[in-house]
Amino acid sequence: MENRSPYIVNAPSVSTIMLKVLLALIPGIALYVYVFGLGVIINILLASLTVIMTESVILAIRKLPIKPFITDGSALVTAWLLALSIPSIAPWWIIVLGTLLCITFGKHVYGGLGYNLFNPAMVGYAILLISFPSIMTHWQIPNNLMASPSDWLDQIRVIFNSNLLPKETLDAMSSATPLDYIKTQLTLNQPLNTIQQDKIFGFIGGRGLELINLGYLAGGLYLFKEKIISWHLPVAFLSTLFLTALLFNVLAPDTFASPLFHIMSGGSMLCAFFIITDPVSAPTTPKGKIYFGAGIALLVFIIRIFGGYPEGIAFAVLLFNICAPLIDSLTQPRIFGHK
Numbered sequence: 001m002e003n004r005s006p007y008i009v010n011a012p013s014v015s016t017i018m019l020k021v022l023l024a025l026i027p028g029i030a031l032y033v034y035v036f037g038l039g040v041i042i043n044i045l046l047a048s049l050t051v052i053m054t055e056s057v058i059l060a061i062r063k064l065p066i067k068p069f070i071t072d073g074s075a076l077v078t079a080w081l082l083a084l085s086i087p088s089i090a091p092w093w094i095i096v097l098g099t100l101l102c103i104t105f106g107k108h109v110y111g112g113l114g115y116n117l118f119n120p121a122m123v124g125y126a127i128l129l130i131s132f133p134s135i136m137t138h139w140q141i142p143n144n145l146m147a148s149p150s151d152w153l154d155q156i157r158v159i160f161n162s163n164l165l166p167k168e169t170l171d172a173m174s175s176a177t178p179l180d181y182i183k184t185q186l187t188l189n190q191p192l193n194t195i196q197q198d199k200i201f202g203f204i205g206g207r208g209l210e211l212i213n214l215g216y217l218a219g220g221l222y223l224f225k226e227k228i229i230s231w232h233l234p235v236a237f238l239s240t241l242f243l244t245a246l247l248f249n250v251l252a253p254d255t256f257a258s259p260l261f262h263i264m265s266g267g268s269m270l271c272a273f274f275i276i277t278d279p280v281s282a283p284t285t286p287k288g289k290i291y292f293g294a295g296i297a298l299l300v301f302i303i304r305i306f307g308g309y310p311e312g313i314a315f316a317v318l319l320f321n322i323c324a325p326l327i328d329s330l331t332q333p334r335i336f337g338h339k
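First residue of the sequence shown: 1, per our numbering; consecutive thereafter.
Keep in mind the hints are simulated off the structure, nothing from the lab. Hints may contain errors.
Said to hold, decoys possible - Simulated restraints on C-beta separations:
| no. | residue 1 | residue 2 | range |
| --- | --- | --- | --- |
| 1 | 253 | 326 | 35 to 41 Å |
| 2 | 250 | 189 | 38 to 44 Å |
| 3 | 16 | 231 | 38 to 44 Å |
Said to hold, decoys possible - With a straight-line cut-off of 20 Å between C-alpha atoms, the simulated EDC-like cross-links for lysine to aspartate or glutamate are:
| no. | residue 1 | residue 2 |
| --- | --- | --- |
| 4 | 287 | 254 |
| 5 | 225 | 154 |
| 6 | 227 | 72 |
No residue lacks a Cβ here, since even glycine has one placed at the ideal position from N, Cα and C.
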């Protein structure tokens with residue numbers, strides 16, 4: 001006889017969720033290495049080592065058990081997200097400093113896991129971007145565009161000895177991002193179709209960044225399949241970014257890039273599936289998630305086009321993190337029987 005009684009289904013543990021998030025990042029990381037080389041792996045290793053040490057020290061100071069928090073994977077997710085957001089040939093101390101800021105001011109200053117008001121990775125990234133804009137906005141040129149592609153030894157030398165290398169060596173390996181390049185060239189009255197003939201642009205977005213964004217998309221779909229995230233935040237973010245860019249592109253195609261360019265450039269997919277889906281700093285109601293994702297996308301586009309920075313994800317996320325409690329309170333579902 002079939003048993004139709006209800007069953008209690010155990011929710012996945014924090015460590016299980018975080019492990020799946022780390023696994024979901026691997027396709028994007030693999031394509032990142034393919035496009036830019038092994039510098040990003042060095043960033044990830046430095047960030048991981050720093051986050052474990054920092055988390056352990058802070059937990060010891062707070063007289064909290066170290067092993068459960070170190071092994072739950074949440075700190076590693078923060079470290080990996082920061083490492084993937086920073087230029088892969090940035091000096092080693094940038095990723096170390098950024099990781100310290102993430103864990104200290106983005107997480108533990110609010111009470112630790114589950115209490116952070118802001119996305120910890122974006123706290124560290126935003127402080128670095130404001131403090132060191134030149135370093136944070138110059139990215140490595142894709143290996144296939146270099147006259148002499150850099151190997152992993154070249155990248156190690158740049159990361160650990162950048163101040164000892166000739167300026168010509170650094171200039172040969174780095175350039176502005178496609179978003180930054182478009183913004184700069186438009187101020188010189190260059191038409192968009194001419195700007196996008198530059199070698200740093202691919203078929204849709206920045207050369208190589210298209211592949212990396214597809215990797216993050218694949219990872220995001222895996223998280224959705226595993227029910228780690230819901231559709232509300234990614235769909236709201238990507239659809240709003242697409243429609244806003246489409247509107248401006250239709251009105252002024254010589255000035256505003258296509259919607260697919262905005263979707264496949266910068267950190268759009270990383271933001272949609274891995275950053276704004278942080279369960280602590282985002283709203284919890286379905287309607288609230290839609291407003292949250294759409295609002296971030298709109299602000300990202302505004303900063304990209306009209307702001308002083310080429311990429312607006314960190315600032316948009318942090319500003320809407322502040323609004324998350326209000327959004328939640330305004331979007332609570334009505335209780336049956338109450339007006």
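Going down the list of hints, with the structure as the test:
| no. | hint | verdict |
| --- | --- | --- |
| 1 | 253 to 326: 35 to 41 Å | 37 Å, holds |
| 2 | 250 to 189: 38 to 44 Å | 21 Å, violated |
| 3 | 16 to 231: 38 to 44 Å | 21 Å, violated |
| 4 | 287 to 254 | 36 Å, violated |
| 5 | 225 to 154 | 39 Å, violated |
| 6 | 227 to 72 | 18 Å, holds |
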